[in-house]
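Colleague: Given only the sequences and the hints, what does the whole structure look like? Please build it.
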Amino acid sequence: MSQFEAANAHVVGVSADPVAKLDDFTKKNTIKHQILSDFGRKMLPAYGVMVTDQKSPMYRLAKRAYFILDRHGIVRFVRVQASPLDLLKTEEVLKALKGLGT
Amino acid sequence: MRRCRNAFCGLAIEPAAIVIAVFTLGVLASPPAADAQRASRPYRVGVLHTGFFEEIPSVAGLKAGLKALGLEEGRDVTLDIRFTRGKLDEAPTAAAALVKSGVDLIFAQTEQSARPVKDATQTIPIVFVEVGDPVAANLVASIPRPGGNITGISSLVTELTPKRLEILKTTFPGVRRVWAVYHADDLSSGAAAHKARDVAAVLKLEVVAQAVRTNEELVSQLKTLRSGDGLLSPHGLALNIPGVILDLALMSRWPALFYNTLLGSGRRPRVVRLRPACRGCPGRPTRRQDPARGAAPGSAGRRRQQDRACHQPKDCAEPGDNLSPRHPRSGGPGDRVAPRLACFPLRCGLDTCRGCFASQWSIGTRTQGGNGMRCARQTLCGVLLGALVGFAVAGQANAIEVGQKAPDFTLTAPGNRQVKLADLLGKGPVVIYTFVDAFGAA
Chain A
1 MSQFEAANAH VVGVSADPVA KLDDFTKKNT IKHQILSDFG RKMLPAYGVM VTDQKSPMYR
61 LAKRAYFILD RHGIVRFVRV QASPLDLLKT EEVLKALKGL GT
Chain B
103 MRRCRNAFCG LAIEPAAIVI AVFTLGVLAS PPAADAQRAS RPYRVGVLHT GFFEEIPSVA
163 GLKAGLKALG LEEGRDVTLD IRFTRGKLDE APTAAAALVK SGVDLIFAQT EQSARPVKDA
223 TQTIPIVFVE VGDPVAANLV ASIPRPGGNI TGISSLVTEL TPKRLEILKT TFPGVRRVWA
283 VYHADDLSSG AAAHKARDVA AVLKLEVVAQ AVRTNEELVS QLKTLRSGDG LLSPHGLALN
343 IPGVILDLAL MSRWPALFYN TLLGSGRRPR VVRLRPACRG CPGRPTRRQD PARGAAPGSA
403 GRRRQQDRAC HQPKDCAEPG DNLSPRHPRS GGPGDRVAPR LACFPLRCGL DTCRGCFASQ
463 WSIGTRTQGG NGMRCARQTL CGVLLGALVG FAVAGQANAI EVGQKAPDFT LTAPGNRQVK
523 LADLLGKGPV VIYTFVDAFG AA
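Line by line, the protein sequences are chains A and B.
Note that our numbering numbers the first sequence so that position 56 is 56, with each residue one more than the last.
Just add 102 to the spot in the second sequence (first one is 1) and you have our numbering.
Simulated from the structure, these hints should not be mistaken for lab results.
Wrong hints could be hidden among the right ones.
[What the hints assert, rightly or not] In silico BS3-like cross-links for lysine-lysine, where the CA-CA straight-line distance does not exceed 27 Å:
1) A/Lys95 with A/Lys32
2) B/Lys325 with A/Lys89
3) B/Lys522 with A/Lys21
4) B/Lys325 with A/Lys28
5) A/Lys89 with A/Lys27
[As the list claims (entries may be wrong)] Selected chain B positions facing chain A (in silico; Cβ < 10 Å):
6) Met353
7) Ser354
8) Ile502
9) Gly505
10) Phe511
11) Val532
12) Phe541
Values in this document were obtained by computation on a predicted structure and should not be read as measured data.
We put the beta carbon where it would ideally sit given N, CA and C, even for glycine.
Modeller: Next up, the structure:
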């Protein structure tokens, strides 16, 4: 995480879980960076990273995806993982971040 | 958010099964001495369950059953309901509190409630429901003779496991390896997982039975899944493993098989929507099963006959032979509450189920008092439902692309603070990742 700070980048995690659940989650896992809840499902569909299911309209969860925006809000890097269990390695994200040259 | 209004709609198995529990309860409460006592004060029934709110289907079934017996809540019987919101470590405290409050009987839902209650008292009668395998869970000595101060209903998790595996294999022929992940303290699911491993060879499957204790262990186990793997959900809700598996199955298309407990636990009401109303199912009654009819006397002989027809060994698919009723038909007090399993030909069942995979009836219990064969078909419907969950992924939009202006958002941070994308930008680049909490953040 300090590496991201060194790159002057802000890291945000977004999930469709309710705020209270994320609050627990943050404390339990001692997460330092910002975790945000999109319980209203506004951001996830706008970014196209929500799993939906026609048979069950209530089933709307976040895919595992990574975005890097530059300081002007332009998308510079997108990676959507096939499985929610596939984490991207920190180094890979850092590499992409450095590639921006911002 | 649409909620299921009818307490039974989530899970049809329970109300029918619970009626037996209530009858057991009636038996326990019927000695003359108790009758004399009843005049002075209502029975106090303690309820302990692992649900997330007070009124779960099991409790609704209990109330309906009591009412059917003519016991009115408040006048004849009072319920002291405690629930642990899925937290295993809270159950012993809640059980001790119930015992201390001096209830006349304790109704425990799931193994995770029943075991602490059993540890807490040797005198107060205990009736359990939704226990996957009471023998494996060390709740009873044996099904026909439970012994001690405890009796209840088995969900036949271990006995049904071979059939579940078979259904998974039939529905997803490509499955080669099945992961049976369960919480180390969930003894029923452990027994089921080992049973699955024992019968795997018959189905040309490899079964990996894996106990976990923490969410991290669970996630790291699930990460080792590869193409051709399937998942067998545990019965217990500890660590919300069924929920995690369900999310994973829906997101990554892993074939997965579930127990109905998941549907009825009140944990994830959205799952209920995967069970469309069963219309056009041949030979089905259209009206909902009346819980009071379940154990109605008189039709027992007819039912036995139909059961026998349904249990013809020649009809059984190969691994299904493992599922022949193992409980004696008569004998000890356990026979009253031991549900019997219907063994049935798979070929007739599958076609029926394509049209109606929502079963309102009970898995493997005789309590419905209906036609044996029909019950068998619906048993399969109920079991197959889980397998069908794996098909359910649809409609995925494309992600935003590089070079686009990122859509603005306002989201809620812990502490109900609103955070805008605009606030994050400006200082430097922003790395956003999206996740489901159960699968871990990074």
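Colleague: Hint by hint, say whether it matches the structure.
Modeller: Verification of the supplied hints:
At most 27 Å may separate the alpha-carbon atoms for a hinted pair to count; A/Lys95 and A/Lys32 meet this at roughly 21 Å. At roughly 14 Å between alpha-carbon atoms, B/Lys325 and A/Lys89 fall within 27 Å of each other, so this suggested pair holds. For the hint linking B/Lys522 to A/Lys21, the alpha-carbon distance of about 20 Å falls within 27 Å, and the restraint holds. A threshold of 27 Å between alpha carbons decides the hint, and for B/Lys325 with A/Lys28 the separation of about 21 Å falls inside it, so the pair holds.
Annotation: proposed proximity of A/Lys89 to A/Lys27 holds, straight-line Cα distance about 23 Å (limit 27 Å). Checking B/Met353 against chain A by beta carbon gives a least distance of about 5 Å; that is within 10 Å, so the hint holds. Because the beta carbon of B/Ser354 sits about 4 Å from the nearest beta carbon in chain A, less than 10 Å, this interface hint is met. Using the Cβ-Cβ criterion of 10 Å, the hint placing B/Ile502 at the interface with chain A is satisfied: the shortest such distance is roughly 5 Å.
At about 7 Å, the closest approach between the beta carbon of B/Gly505 and any beta carbon in chain A falls short of 10 Å, and the interface hint on this residue holds. The beta carbon of B/Phe511 is positioned within 10 Å of a beta carbon in chain A (closest approach about 4 Å), and the interface hint is therefore held. Restraint check, B/Val532 versus chain A: the minimum CB separation of about 5 Å is within 10 Å; hint holds. Look at B/Phe541: its Cβ gets to within about 5 Å of chain A, closer than 10 Å, so that hint holds up.
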